[in-house]
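K.L.:
Chain by chain, the residues:
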Amino acid sequence: MVSALTRIFGVHNLALAEDVVQDSLCRALAVWKFNGVPENPSAWLMATAKNRALDLLRKERTARVFAPDLGRLLSTEWTLAPLLSELFVEHEIKDDLLRMMFSCCQPELAEEAQIALILQILCGFSAAEAANSFLCSTAAMEKRLQRAKSALSASRELFDMQGGAEEIHARLEVVERALYLLFNEGYHGAHPELAVRQELCAEAIRLSALLLESPITATPRAHALAALFCLHAARLPGRFDANSELRSLEEQDRGLWDRALIDQGLALLDRSATGSTLSEYHVEAAIAAEHAGAASSASTAWPRIVELYDVLLHLRPSPVIELNRAIALGQSEGPIVGLGALEAVTERARLEGYPFYHAALADFELRAGRPERAREHYARALELARNPAECRFLERRLAACTPE
Amino acid sequence: MSEFVFLFRGDDMSGSPDQLQKQMQRWGEWMKDLTTKGHFKGGQPLDRTGVVVDRKKSIIDGPYAEAKDVVGGFMVIECKDIAEASELSKGCPIFQNGGFVEVRPVMKMSM
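Protein chains in written order, with our numbering: chain A, -18 to 385; chain B, 56 to 166.
Hints are computed from structural coordinates only; laboratory data are not their basis.
Only a predicted model underlies this, so the values are computations on that prediction, with no experimental measurement involved.
A virtual CB, placed ideally from N, CA and C, is assigned to each residue, including glycine.
Warning: the hint list may mix true and false statements.
Below are the DSS-like pairs computed for lysine-lysine, each with C-alpha atoms no more than 27 Å apart in a straight line [what the hints assert, rightly or not]:
no. : chain 1 : residue 1 : chain 2 : residue 2
1   : B       : Lys96     : A       : Lys40
2   : B       : Lys77     : A       : Lys75
3   : B       : Lys87     : A       : Lys40
4   : B       : Lys92     : B       : Lys123
5   : B       : Lys87     : A       : Lys75
6   : B       : Lys123    : B       : Lys77
Pair ranges (Cβ atoms, derived) [as the list claims (entries may be wrong)]:
no. : chain 1 : residue 1 : chain 2 : residue 2 : range
7   : A       : Pro49     : B       : Val106    : 32 to 40 Å
8   : B       : Ser113    : A       : Gln127    : 34 to 42 Å
9   : B       : Pro72     : A       : Leu237    : 53 to 61 Å
10  : B       : Ser71     : A       : Ala121    : 58 to 66 Å
11  : A       : Val18     : B       : Lys163    : 27 to 35 Å
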């Protein structure tokens, strides 16, 4: 709704658009309290927001400049109401969402700022909720949002989705990156209480689906990104057992995985396999597909996964990817080879503070029959654990290598 | 560039809701076209009711003109000359409704 209203009021009147939405929600609550929730609450809210916008445009048309490209048509009763109705129909709103998402991802803004904007404007998160997602204080998040919004307002115009293909594709990369980070934050962010915040993943999936609905943004890479989200999200129900304990991939009950989401992910991955460029999202989705398709850890095609990690390293060298490759290699070639690969990681120093590096070392030591070394590594990992679920998981592991 | 005013007269606003809807749509399209070409500078439709204040400052209900001459709206248009302005006015949907357009140049007052 904020997106549609911003399209109408102009991006420099973002605050006004937010006020109208806030107003509509308050009015809805007041009315619904007495009359009950209407059959179609979102249509009711839309209609209320539209009327409120109409009022405002009439009252302030001499005092303010609204969307510059619509300005004249909004200024006259000849076209005002019909134009507003047009802008409030569903497919236009989807276009507005897309446009808003692209506008939020200004390359000049830091990635966290882009994501904060997306969370608030497109996903309706409050500053406190967004702060909770990103481990910062509400005040800090409010400041970050404030700065990001001033930058957005200062740009005066929303991103032009009818503009040059080159510009759109350049910006699309920034958008994809922001969605990727958003998903990641939901999947294994550093949150102290919850290891998984499913709603962040769900929002990333919803917004990635939006990219696929428009022919200009439904690129093979965007398909791969959406496939990646689906295939990872499908495994979310298995990551925790009935006691809310974190389960490793090996221990997970694969029956809990969401088959429908896996199928959707695989179909998307199929559709991403066009064009001439292989993106990192393609490779990551392919790895996720291997896991999702395997009946157990033992029957997983580990050599194939190692190959895919090699491709990924070529596209985007990173110690974390090397770590994952080493784990896969250890699974296929045995713990000693795995340990060798872990020790050979370039820039190992950057993994020193990462609990799962130490946990991986410990796993392989344990398998290689050296529980006392495994214990040391698990203890180190435990010191670095970022949330209670990770702590309990590592404590269980530590206990497993202590002799009876 | 010069400014002109279009006065719309004698627009027949009767008809079924469906017809009115179509009429509105045609107006919308025409105005969007004028706007994208940079001609439209403002204006409003006018209600059919109103009062006339006469010379003695007494107030008489209703527009004075004959129904067919009532001004139903106005627009300010920017274009090259009166020829272009009258050409532009020909696209107005009012002609399909028995109305007509009066095209008047805005007078430039010199000090």
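K.L.:
Could you work out which of the previously given hints the structure breaks and list their numbers from low to high?
P.N.:
Result: hints 4, 8 and 11 break, sorted rising.
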